[in-house]
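Trainee: Residue strings, one per chain:
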Amino acid sequence: RKEVEQDPGPFNVPEGATVAFNCTYSNSASQSFFWYRQDCRKEPKLLMSVYSSGNEDGRFTAQLNRASQYISLLIRDSKLSDSATYLCVVSSGTYKYIFGTGTRLKVLA
Amino acid sequence: EPEVTQTPSHQVTQMGQEVILRCVPISNHLYFYWYRQILGQKVEFLVSFYNNEISEKSEIFDDQFSVERPDGSNFTLKIRSTKLEDSAMYFCASSEWTGNEKLFFGSGTQLSVL
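In order, the protein sequence lines correspond to chains F and Z. Here the first sequence is numbered in my numbering, starting from 6 and rising by one per residue. Here the second sequence is numbered in my numbering, starting from 26 and rising by one per residue.
Be aware that a few hints might be false.
[Said to hold, decoys possible] Computed from the model, here is a short list of chain Z residues facing chain F with C-beta under 8 Å:
#, residue
1, 67
2, 70
3, 73
4, 80
5, 81
6, 86
7, 90
8, 97
9, 127
10, 131
11, 132
These aren't lab readings, by the way, just hints derived from the structure by calculation. Yeah, the Cβ is synthetic: ideal placement off N, Cα and C, and Gly gets one too.
If we strip away everything but chain F, and leave its shape as in the complex, we get:
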């Protein structure tokens, strides 16, 4: 089983739609979780950390389910500028962060 697994997509959604991505991780000792965004050929940029109680930042909501070992990202009211690859990142508290393969999102006008 891969350490961090994501559906690669692509997810093609119309502007204004709500879209959700899931990510599963294999290491039950994982402690920290993040969503990063990566635009084509650019560096990953932090979108948001994921906390146990779930958290929201504007149109973005992240949830963590430790029992099932998955995290999710919900994007409401999608904008054209949300088109990117969304990377799930997991850390077990050691010196490395493991990236998922990413989920591609394309928001259509």
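Given chain F, put chain Z in place with the hints provided.
Mentor: Okay, now just chain Z, sitting in the frame of chain F:
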């Protein structure tokens, strides 16, 4: 906003040559990382570095690779004898702490091995 800087942005080299990729992490950060991303593939962990020594490394980071912090600001990745399969985007990252802290990435060095 402070940022991680990487040079060069592009590096073309012949197979078998040595390359050094350079990074200047954010000044108050203590943990440094190298990741790579082969075109169309995922971001892969190479190595982490703290207190002037390697903290953790992946299977990719074999004897051909080395890292160094030669002074108080630079953090370098050296590939001794490049192979075709080393062609990738190499990202440097830094964090204030590790594990629970977010990573800040540089804009990357695109390495092309011919």
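Trainee: Give a verdict on every hint.
Mentor: How the hints compare with the structure:
no., hint, verdict
1, 67, "4 Å, holds"
2, 70, "5 Å, holds"
3, 73, "4 Å, holds"
4, 80, "4 Å, holds"
5, 81, "4 Å, holds"
6, 86, "11 Å, violated"
7, 90, "15 Å, violated"
8, 97, "21 Å, violated"
9, 127, "5 Å, holds"
10, 131, "6 Å, holds"
11, 132, "5 Å, holds"
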